[in-house]
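There are 2 protein chains.
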Amino acid sequence: MENYPSKYLEIAVNELSKLPGIGRKTALRLCLFLLDQPQAFTRTLGEALIRLRENIRYCEQCHNISDEAVCRICSDSFRDNSLVCIVESARDVMAIENTAQYRGIYHVLGGIISPFEGKGPSDLTLAPLLAKAESGKIKEVIFALPANMEGDTTCFYLYKKLKPFVDTFTTIARGIAIGEELEYTDELTLGRSIMNRTSYEMPLNNKN
Amino acid sequence: MENYPSKYLEIAVNELSKLPGIGRKTALRLCLFLLDQPQAFTRTLGEALIRLRENIRYCEQCHNISDEAVCRICSDSFRDNSLVCIVESARDVMAIENTAQYRGIYHVLGGIISPFEGKGPSDLTLAPLLAKAESGKIKEVIFALPANMEGDTTCFYLYKKLKPFVDTFTTIARGIAIGEELEYTDELTLGRSIMNRTSYEMPLNNKN
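From first to last, the protein sequence lines stand for chains A and B.
Under our numbering, the very last position in the first sequence is 1370; numbers go up by exactly one each time.
Under our numbering, the very last position in the second sequence is 1370; numbers go up by exactly one each time.
Hints are supplied without guarantee of correctness; some may be wrong.
Identical chains blur together in the list; that is why a pair holds if it fits in one copy or across any two.
[As the list claims (entries may be wrong)] Mimicking SDA-like on lysine to any residue, the simulated pairs with C-alpha atoms at most 20 Å apart in a straight line are:
1. K1325 to A1289
2. K1325 to L1352
3. K1325 to F1278
4. K1180 to F1195
5. K1301 to A1202
6. K1187 to S1355
7. K1187 to M1256
Think of the hints as simulated: they come from the structure by calculation, not from any bench.
Kindly generate the complete structure, drawing on both the sequences and the hints.
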């Protein structure tokens, strides 16, 4: 039991250490750092967090984080909205957007089906996705969900639900990361990367 | 350059990543965690930080963090207030208090002399310490400052200042940590631990 010299410090350490990856020692270090900064620093931080949580909205079409009723991606007329990439969280959207390779739209489930954690289909944001599929607007669904039991279950559930309305279902390619060495790759990934091999293309500058 | 789906998210990530040890990826993970919690969670956290910074006070005698004008340690009449342990920060006080071995009082400098960081004696909280020494109330000063150039400089400076008024100056013992193996100890520590060896005492249960 630590003996905090101030109840304000103790409360702040308690609250901070509820965050994932932040233990009591780190929380104390952060609090002492804040005490060394001008008051405005902590006020700006605290208010930014409160404002984030209270003002955040979710796109009513794809359920991505958004400041508007419809997010920038869904309202972008240059996007192919017949191509829908299904992801677990808003972080996955940011990761794919950062590649600048994808010109379709997304659907953020806000979780995956996990009986172990008591999460079923009703905990996912499926209504706008199903409505869009039923209206016949979706040509291809890309599953970009985790490669584990929960991800597979979720893919299977969505496949069954969407199959009557969608022609093509794909999943993102699993394989050896670029720059990774074969000997350090797990067998499952290596096995899949051989099964799902792609046709060899000669580098452009060697073609003649 | 990351592309945040919401300006509230971007601002919160910016603010969080100003904290030491928290990069933009961790900040984003923390923000998405907060979005998954009830609003009250973030409000409690944000307000705890703001309240900490705005209400914190420092003991007017030892400059430790305190909710009162004089801290619990300085106002404890069972403490020996002729014995003053000089430390860099409030965290050091907590560390020593957790040992439950020390019954004197403290003085928190709020930093150490570091010409490299532009910190001189005027940046330390020396006035109440000097006043206490000049009144002849301090019998022994214990230096518990970092074992580096800055710590040594600070000890030397304080020694010169306090020498006319204080009889005894000591520093905390440096040596091999209990449970640590000799072969993994740095030479400096090992060398000092041999120079500053203490007399051997037989374990109590073997005495007869």
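Hints and how they fare:
Proximity of K1325 and A1289 under a CA criterion of 20 Å is satisfied intra-copy only: 15 Å inside one chain copy versus 78 Å between copies. Proximity of K1325 to L1352 under the C-alpha cut-off of 20 Å is found in neither arrangement, the shortest distances being 30 Å within a copy and 71 Å between copies. In the homo-oligomer, the alpha carbons of K1325 and F1278 never lie at most 20 Å apart, since the shortest distance is 26 Å inside one protomer and 67 Å across protomers. Taking CA atoms no more than 20 Å apart as the test, K1180 paired with F1195 passes in both settings, with 18 Å inside one copy and 11 Å between copies.
Within a single copy, K1301 and A1202 get their C-alpha atoms no closer than 51 Å, and across copies no closer than 41 Å, so neither meets the 20 Å cut-off. In this homomeric assembly, K1187 and S1355 never come within 20 Å of each other (Cα to Cα): the closest approach is 43 Å inside a single copy and 29 Å across copies. Taking the closest pair of Cα atoms, K1187 and M1256 come within 20 Å of each other only across two copies (11 Å); inside a single copy the shortest separation is 31 Å, beyond that limit.
Against the hints set out earlier in the document, violations occur for numbers 2, 3, 5 and 6.
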